[in-house]
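Now for the letters of each chain:
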Amino acid sequence: MSSAARALPMPAARLRARWPQFLRRAVGFVLVVAGAVVMLIPFAWLVSTSLKPDDQLFAYPPVWIPRYLNWANYTGAWSYAPFGTYLLNTLEITAFTLVGTLASSSLVAYGFARRQFPGRDLLFGLLLSTLMLPAIVTLIPLFLIFKTLGWINTFLPLIVPSYFASPFYVFLLRQFFLSLPPELEDAAMIDGASTLQVITRIVLPLAKPALASVTIFSVTFHWNDFLGPLIYLNDDEKRTLALGLYAFLGEHTAQWGYLMAGSTLMVLPMAGLFFVAQKYFIQGIVTSGFGGR
Amino acid sequence: MTNRAISRRRALAFGLAGLGGAVLAACGQAAAPTAAPTAAPAKPTEAPKPAGAAPTTAAAAPTAGAGVGGATPAAGATAAPAKPAEAAKPSGAPPTPAPTPTLPPEATGPVGQSGAKTTLTLWHTLGGGPDLKAFRELLTKYTTEHPDVAFKLSFVPGSSETGPYVQKITAAIAGGSPPDIFHMNRPAQFGAAGALYELSDFIRTMPQFDPKDFFPAAWTRNTWLDKVYGVPVIVDSRGYWINKALFKQAGLDPDKPPATWDDLLKVNEALTVKEGSAFKRVGFMPLFGNVQFYSYLYLNGGELLDESYKVQFNSDKGVQVLDWLIKATDAIGGAQIVNTFQQSFSTGANDPFIGGLVASKIDGCWNLATVAQYAPNLEFAVALEPIPPGGHKATMVGGYNWSIARDSKQPRPAFDFLAWFSLPAQSTVFAQASQNMPARKSALDSTYIQKNPNIKFFFDALSYGVPYTTAPWSQVMFDNVNATATQEALYKRKSPKQALDDAAKVVQAEVDKWVKK
Numbered sequence: 001m002s003s004a005a006r007a008l009p010m011p012a013a014r015l016r017a018r019w020p021q022f023l024r025r026a027v028g029f030v031l032v033v034a035g036a037v038v039m040l041i042p043f044a045w046l047v048s049t050s051l052k053p054d055d056q057l058f059a060y061p062p063v064w065i066p067r068y069l070n071w072a073n074y075t076g077a078w079s080y081a082p083f084g085t086y087l088l089n090t091l092e093i094t095a096f097t098l099v100g101t102l103a104s105s106s107l108v109a110y111g112f113a114r115r116q117f118p119g120r121d122l123l124f125g126l127l128l129s130t131l132m133l134p135a136i137v138t139l140i141p142l143f144l145i146f147k148t149l150g151w152i153n154t155f156l157p158l159i160v161p162s163y164f165a166s167p168f169y170v171f172l173l174r175q176f177f178l179s180l181p182p183e184l185e186d187a188a189m190i191d192g193a194s195t196l197q198v199i200t201r202i203v204l205p206l207a208k209p210a211l212a213s214v215t216i217f218s219v220t221f222h223w224n225d226f227l228g229p230l231i232y233l234n235d236d237e238k239r240t241l242a243l244g245l246y247a248f249l250g251e252h253t254a255q256w257g258y259l260m261a262g263s264t265l266m267v268l269p270m271a272g273l274f275f276v277a278q279k280y281f282i283q284g285i286v287t288s289g290f291g292g293r
Numbered sequence: 001m002t003n004r005a006i007s008r009r010r011a012l013a014f015g016l017a018g019l020g021g022a023v024l025a026a027c028g029q030a031a032a033p034t035a036a037p038t039a040a041p042a043k044p045t046e047a048p049k050p051a052g053a054a055p056t057t058a059a060a061a062p063t064a065g066a067g068v069g070g071a072t073p074a075a076g077a078t079a080a081p082a083k084p085a086e087a088a089k090p091s092g093a094p095p096t097p098a099p100t101p102t103l104p105p106e107a108t109g110p111v112g113q114s115g116a117k118t119t120l121t122l123w124h125t126l127g128g129g130p131d132l133k134a135f136r137e138l139l140t141k142y143t144t145e146h147p148d149v150a151f152k153l154s155f156v157p158g159s160s161e162t163g164p165y166v167q168k169i170t171a172a173i174a175g176g177s178p179p180d181i182f183h184m185n186r187p188a189q190f191g192a193a194g195a196l197y198e199l200s201d202f203i204r205t206m207p208q209f210d211p212k213d214f215f216p217a218a219w220t221r222n223t224w225l226d227k228v229y230g231v232p233v234i235v236d237s238r239g240y241w242i243n244k245a246l247f248k249q250a251g252l253d254p255d256k257p258p259a260t261w262d263d264l265l266k267v268n269e270a271l272t273v274k275e276g277s278a279f280k281r282v283g284f285m286p287l288f289g290n291v292q293f294y295s296y297l298y299l300n301g302g303e304l305l306d307e308s309y310k311v312q313f314n315s316d317k318g319v320q321v322l323d324w325l326i327k328a329t330d331a332i333g334g335a336q337i338v339n340t341f342q343q344s345f346s347t348g349a350n351d352p353f354i355g356g357l358v359a360s361k362i363d364g365c366w367n368l369a370t371v372a373q374y375a376p377n378l379e380f381a382v383a384l385e386p387i388p389p390g391g392h393k394a395t396m397v398g399g400y401n402w403s404i405a406r407d408s409k410q411p412r413p414a415f416d417f418l419a420w421f422s423l424p425a426q427s428t429v430f431a432q433a434s435q436n437m438p439a440r441k442s443a444l445d446s447t448y449i450q451k452n453p454n455i456k457f458f459f460d461a462l463s464y465g466v467p468y469t470t471a472p473w474s475q476v477m478f479d480n481v482n483a484t485a486t487q488e489a490l491y492k493r494k495s496p497k498q499a500l501d502d503a504a505k506v507v508q509a510e511v512d513k514w515v516k517k
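Residue numbers (the working numbering), protein chains in the order written: chain X, 1 to 293; chain U, 1 to 517.
Simulated from the structure, these hints should not be mistaken for lab results.
Owing to the predicted nature of the structure, the values given are computational and were not obtained by experimental measurement.
One should not assume that every hint holds.
Taking lysine-lysine pairs in the DSSO-like style, the calculated list, with each CA pair at most 30 Å apart, reads [stated by the list, open to error]:
| id | chain 1 | residue 1 | chain 2 | residue 2 |
| --- | --- | --- | --- | --- |
| 1 | U | Lys152 | U | Lys327 |
| 2 | X | Lys147 | U | Lys117 |
| 3 | U | Lys133 | U | Lys393 |
| 4 | U | Lys409 | U | Lys393 |
| 5 | U | Lys244 | U | Lys141 |
| 6 | U | Lys248 | U | Lys280 |
| 7 | X | Lys147 | U | Lys492 |
| 8 | U | Lys409 | X | Lys147 |
| 9 | U | Lys244 | U | Lys227 |
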């Protein structure tokens, strides 16, 4: 940059002051770029592999740029299994769970953030402690419950629980609600607003960043969820994308080219979501880490 | 204020609509016919499409290879409409069609037909490859011959050894809603746990089903203390794979493969090339491929357990194996370097043998399919696994078995099908699709075995094969011996004897738990 050239005629003191700053930035920049490259290599490999012809998949040293772009992997992958159906199933589950999560978790979170009632903190602690339970521990009890309800092989076990709030989102939203000035809500109350109105007209609009974070977390989780659909869904036509990808990895055979193409397609919407909403991703992490006053 | 009224209503409607929608959506999935309007269009729009617009599927298929493309969507869409069409056309001509030609093709569909039709639910792990296609064709053959039977297939993803499949099957069994027939990699373990239907009575009443026709290595994987919990369908064996071109390049004769463990060390001397601590090429890595301490123990004439269920792998034979593994690993740089190198290939999507980075390995027969697909021009050979002085030829045998759930409502028809499926006429076709081996000795005469020398090699290997045990302690033994003890010795944290003795204690305790019962 020109700063080096301009630095020459400067007095020595100013030169010393400017260089460290410039260097700091440069070093930081280099580090960040290096980190980004490391993070992107697997994705680049995924995309590159998804476009390789079969005979280049195992080439050594690895080939990064395929001999030709083998788009047949994409068309082949798409027709290998009914991915249109899988996509619709996944969208359906993701959409309904999102609605449920936002509606229920924000209500519960508001209760924990603002309502005074005996045993509130104990209850909240209890709620948080459920986060420590590994999913595998509750797998069979849950399965038995849903079986008794006759919900096996339907989307219900995947959707309905999100209408009863999830601890992580409740925690995240509660922390955010606590950071809002209660005076706003008091003012609305004085103007005659009901609690529900305070929530829908004052709190939730102010909590958009937190709600966006919840949206992102919920969507990515359900989009990628594997265990739930695996356990509760039996019919082939009810499978989700995450399950569907496994069609490429059979007991005895593996279609690597198709698998990479399918994986790329499945990652794309999430990558897009991240680019559109990365601000909230980061905000969400900050909120969950340092919320409260 | 009007605002207020609307907002309350809106908030309520928001929640209710969500809830109601969710319930509707899920019900729509459960019982499509009635609740279809809002959420279920997923299925209805999907299903009719191929029926009306066959050309689109046809247009999409050729790229993938018509066979594969056509086989998989059968799950929901393509195959069902396609087959009735087939059945309708030749209805005048077919040789001896089943009485109701429309029924058999619906092998996969939910069969709600009235009459005395038996619907067997079946969970498999075949993905969507050529083996699934072969499997479906065989099912159709069976339902054509037995019009009173239909199948409801479900693919359960993941390796059968661990992970998703085991989670799913465990939940289903514990929840009391298992399928009738399912793929079972550990019949003895699940049988001992009471999850599987015991087949001895069926076998006694079916004289044409002769357990002696199965290779013992395949059959014993399905038994537990004289009880039978599964039917082997296809099995796999291992061998020593050589990249012929690399051998020639290094001045070795690929037609005279190394026959002893010492020869393997010479292969490494001739072929391993390093750059710093990184390999440019490796001659032979003793634990790369599908090979563990077990394999070398049997090659060395040892055994894991004796007749009285006493642990034997910590004998002199076992110590010799670890001594040799250490020697062979140290010769190419030691455990740290070798493991780091091996881990960089942990995914099968990057096979270094195919890539020419590893010149030889001990691996399974199914690699024939991988090579055929991804490296059809690879010059390779398969040979006996090298044998140390005082040892004898051996190879580890795994396999693919079907079991019947203890809670199955129709175990007899399920077994009838399995018995039929295990016959060479069927199992050979199925094995061929994935380049594995049929489990029956009588399959020897099939053209699949006779025509291809490599297949013949792996089939013959079954006669001296040693089964991977499926006993209830199999996982504990595998982890403690092949992973913990072996690595501790390779990293020299313990002496070979010490590592094996420690593992023996753990394994013996686990074995005693089950044998005393």
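Hint-by-hint comparison with the structure:
no.: 1; hint: U:Lys152 <-> U:Lys327; in the structure: violated (53 Å)
no.: 2; hint: X:Lys147 <-> U:Lys117; in the structure: holds (25 Å)
no.: 3; hint: U:Lys133 <-> U:Lys393; in the structure: violated (35 Å)
no.: 4; hint: U:Lys409 <-> U:Lys393; in the structure: violated (44 Å)
no.: 5; hint: U:Lys244 <-> U:Lys141; in the structure: violated (41 Å)
no.: 6; hint: U:Lys248 <-> U:Lys280; in the structure: holds (17 Å)
no.: 7; hint: X:Lys147 <-> U:Lys492; in the structure: violated (51 Å)
no.: 8; hint: U:Lys409 <-> X:Lys147; in the structure: holds (18 Å)
no.: 9; hint: U:Lys244 <-> U:Lys227; in the structure: violated (45 Å)
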